[in-house]
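Protein chains: 2
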Amino acid sequence: MLTITGASLIGGHEICGGTGFKAFDPMKCVILEPTFHNATKEEVDTACQLAASAAVAYRQLPRERRAVFLETIADLLEQETDIIVTRAMQETALPQGRLTGEMGRTTGQLRMFARIARAGDVWACKTDEALPDRKPMARPELKQCKVPVGPVAVFCASNFPLAFSVAGGDTASALAAGCPVVCRAHPAHPGTAELVARCICKAVEKCSMPKGVFSLVGGEAYDVGTWLVEHPAIQSVAFTGSCQGGTALAAIGARRATPIPVFAEMGSINPVFLMQDALKNRGADLGAAFVASLTAGTGQFCTNPGLVIALEGAGTEAFIAAAVSALSAQDEGVMLTRGMADSYRKKVGELGAKEGVELLAQSKGAGETTRAKGMFFRASYSTFMKNTCLHQEVFGPCSLLVTCSSFEEMLSLARHLEGQLTVTFQMDAEDMSSAQALLPIIEDKAGRILVNGWPTGVEVCSAMVHGGPFPATTDGRFTSVGGDAIDRFLRPVCYQNFPVELLPADLRP
Amino acid sequence: MLTITGASLIGGHEICGGTGFKAFDPMKCVILEPTFHNATKEEVDTACQLAASAAVAYRQLPRERRAVFLETIADLLEQETDIIVTRAMQETALPQGRLTGEMGRTTGQLRMFARIARAGDVWACKTDEALPDRKPMARPELKQCKVPVGPVAVFCASNFPLAFSVAGGDTASALAAGCPVVCRAHPAHPGTAELVARCICKAVEKCSMPKGVFSLVGGEAYDVGTWLVEHPAIQSVAFTGSCQGGTALAAIGARRATPIPVFAEMGSINPVFLMQDALKNRGADLGAAFVASLTAGTGQFCTNPGLVIALEGAGTEAFIAAAVSALSAQDEGVMLTRGMADSYRKKVGELGAKEGVELLAQSKGAGETTRAKGMFFRASYSTFMKNTCLHQEVFGPCSLLVTCSSFEEMLSLARHLEGQLTVTFQMDAEDMSSAQALLPIIEDKAGRILVNGWPTGVEVCSAMVHGGPFPATTDGRFTSVGGDAIDRFLRPVCYQNFPVELLPADLRP
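Heads up: the protein sequence lines correspond to chains A and B, in order.
Going by the numbering used here, the first residue of the first sequence is number 297, and it counts up by one from there.
Going by the numbering used here, the first residue of the second sequence is number 297, and it counts up by one from there.
Worth flagging that the hints you see were computed from the coordinates, not collected in a lab.
Note that the structure is a prediction, hence the values are computed from the model and not measured.
Where is the CB? At the ideal position from N, CA and C, for every residue including glycine.
Keep in mind that the hints are not guaranteed to be accurate.
What the hints assert, rightly or not - Going by beta-carbon spacing under 7 Å, a handful of chain B positions derived as facing chain A:
{"hint": "1", "residue": "Phe317"}
{"hint": "2", "residue": "Ala348"}
{"hint": "3", "residue": "Arg394"}
{"hint": "4", "residue": "Lys422"}
{"hint": "5", "residue": "Glu425"}
{"hint": "6", "residue": "Pro436"}
{"hint": "7", "residue": "Gln440"}
{"hint": "8", "residue": "Val443"}
{"hint": "9", "residue": "Arg744"}
{"hint": "10", "residue": "Leu746"}
{"hint": "11", "residue": "Gly749"}
{"hint": "12", "residue": "Pro788"}
{"hint": "13", "residue": "Tyr791"}
{"hint": "14", "residue": "Leu799"}
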């Protein structure tokens, strides 16, 4: 039976060096036991040095060993699902069904990266054969494969306490690539983080992995994250969170003596274009489905539909009427932390106070303490274009409908969007030419483009791109969900004229 | 017959707006006609805006059209080889044979990227099929392919006036990817740049490419480069040159409102480890071969062997004797510019003045004005470890031999190396275990690792990695030579539940 002690887990050892803090139950608004510890600078240093010293031994293990390690983590997590989900419910106010599903997603990701490690395709081994008789110069044999970049710092996300946290996609893809992981627990769910980390530590022992391949450092203080990214042993960083947090870490990564990439998945308003024919045929249905996507998980998905664009007209009025009716009938939700609920209220207040922004509907309740009400606003094209603050994310169940008076305005709005994780077209047969005109603009703005779906819900599969141009992420060439997430942690090396005995295992004939 | 007018070539138009400057013949030390023009900020803006307006039309062309465009550039360059090589000889002092070979490499690269564009594999199209009956939720169809990132700024290198310049690997890979190019001519060979650019402009017309797909902007002033990287239309930057220049451009790219990647290939000292058995068997041969690699092209290759590491002993003394004899018999060489020769003299002087650094040999001549003498120094392990300035590149035909008194010192030295383009092992059968001990350290430091070759000479092939950890480049996950260079300019997009008519051509069944 796993228990929570509040320690950092550094190379398998429990360390409780720093000042204490406690977790908080946002549903009941009560403090949770036990006391957790802010990792000290020395503890972070120890974790990073252990990771560095484990790096070569870990990457030289056969890929099969790494695959079994990932599968063992998945098995151990499954055995502890009840205790983990129970604690996560307390710390996040997310419902049991959602967290059980997220556990399935987490173990599914671990097993997917085990399959990827086993298959080995992403190591991209290739050979240019020697041409000893080539004129004017012989060509030596050249082989290439990928090598892991080294220790990775993983920052847990607040909004996915399992699938984007301690044993989430970042950790799974880094471990599959052959990189040790030093994970920074999210202070909003430190108990969940510790329970999951204990499963990983058990798997390290069970699979005889090098000590130091995994450590968990906790803390409320920003310092812990700064020390991690600044540490010379860390070679790459994966982060999911706010634009402010992501750009701050990216700046720290860039100003190191040896700069490192920081893969930060940050803000996105996930625009949804409601096309004319779709609105005409099913405006009311779209309004109801939109509210379901908007308020799912109290609006705390990275892919929440925060902006809806439509032409003025009867179809749009039907959409509005249905959305207003659906949202007004809903109860307020509970956010992950009091701080996030406070920030939501502040930003919603600013948005509603803008000249030209009209409140269409809100959900029921007082929206106090950790509670947040769904909010649905409307503005004209010209109001949207005048106020770039309307282009930015409000994290939570808030969305803005922008109505355009012509398709040209819609195209112009598209051109002025920032980078996005997703853009969605709701379209029917007659909308094809409009969608074809919008698509080339949108392809420059988004990592994933959807037709007739809603952006919340991110499949873990080989074609997924959970990324997108800045400010959606710091590097739109990579994804943090799906098989390609491993590419962030691999680097090509060319081996020229190597004797077979010196070649890495993957390149031997 | 091509003529040089000194203009910038912006979307096919000749523009001579800015102040004038002239090229210089480093061999004869005379000024060359005609007058060239520093591009103005307005001209750079025009070139970038034209590139942006061409971007969608260019990327939507069938890949076959882009392939033919690249092949047409290669054909036109071949037709103009004589005039281009003649001018390049004047501007760079590089010999005819070298420049003719470099032209072959340049047209070879263009045709390789034509093949890559035609084959289409790098667009990495993939599909996760719809699972309409999946429980608890249906999966929509998800497809992925790569899209070009948009206009690319290419900075020409001083030391490869053809293969790393206007129609070099950066331009070829960007155009193949589907990205318009705005090229900054190198002020040391502006006439060569203009002649090559005129061939590209002819190919643009002949192949009916969108205007704006290629522009050349010239200038001595740093401003031209700054304006380019700062321009909002530019989405990526490729640069080959100094560490100072590359990190400055990377900083500009990072501080934009929308940051962009700057792929800078910068400095490297390309360490060569001389192993015991190899030295015993062929120390003298290695000494002579080393000097040939060191002084090739007056030491102006990015992969020049600037650091040699060996254990003290008889084999090393034989190596030294042969190298001293070979270098002392050589004449000084001509560098690409007076400024580079001045900088070389300054850095060589500083190196020689360090306590513990001994001059072993130098080539003949006075080493004045544009001339540079080959220089070969020696220092002990402890001197090397105390002076990090000895770890940095001296651009030109200068190398330092560091002798270690134990293999442990050699391992320690390896651990303290900065990131490198290449590392070389000279090894024979008995050296296998030493090489196996060094390799894991070196794999973290280098983009390419060679056995029993010399690092100068970079094959253009599919397995090549001309890259490496910082400070060799700004991003060790990419290469600037070989087929993978195209990966710098592509970004994945996921298309979810798309009707066939809306899918990009590459993803249609």
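Going through the hints against the structure:
1. Phe317: violated (34 Å)
2. Ala348: violated (10 Å)
3. Arg394: violated (12 Å)
4. Lys422: Status holds, d = 5 Å.
5. Glu425: B/Glu425 check fails; min Cβ-Cβ to chain A is 10 Å, beyond 7 Å.
6. Pro436: Hint on B/Pro436: holds, closest Cβ of chain A at ~6 Å, below 7 Å.
7. Gln440: With Cβ-Cβ at 4 Å, under 7 Å, it holds.
8. Val443: holds (5 Å)
9. Arg744: holds (4 Å)
10. Leu746: Check passed: Cβ of B/Leu746 comes within 4 Å of chain A, closer than 7 Å.
11. Gly749: Nearest chain A Cβ about 5 Å off; hint holds.
12. Pro788: Holds - the Cβ of B/Pro788 comes within 7 Å of chain A, reaching about 5 Å at its closest.
13. Tyr791: Interface hint status for B/Tyr791: holds (6 Å vs cutoff 7 Å).
14. Leu799: violated (10 Å)
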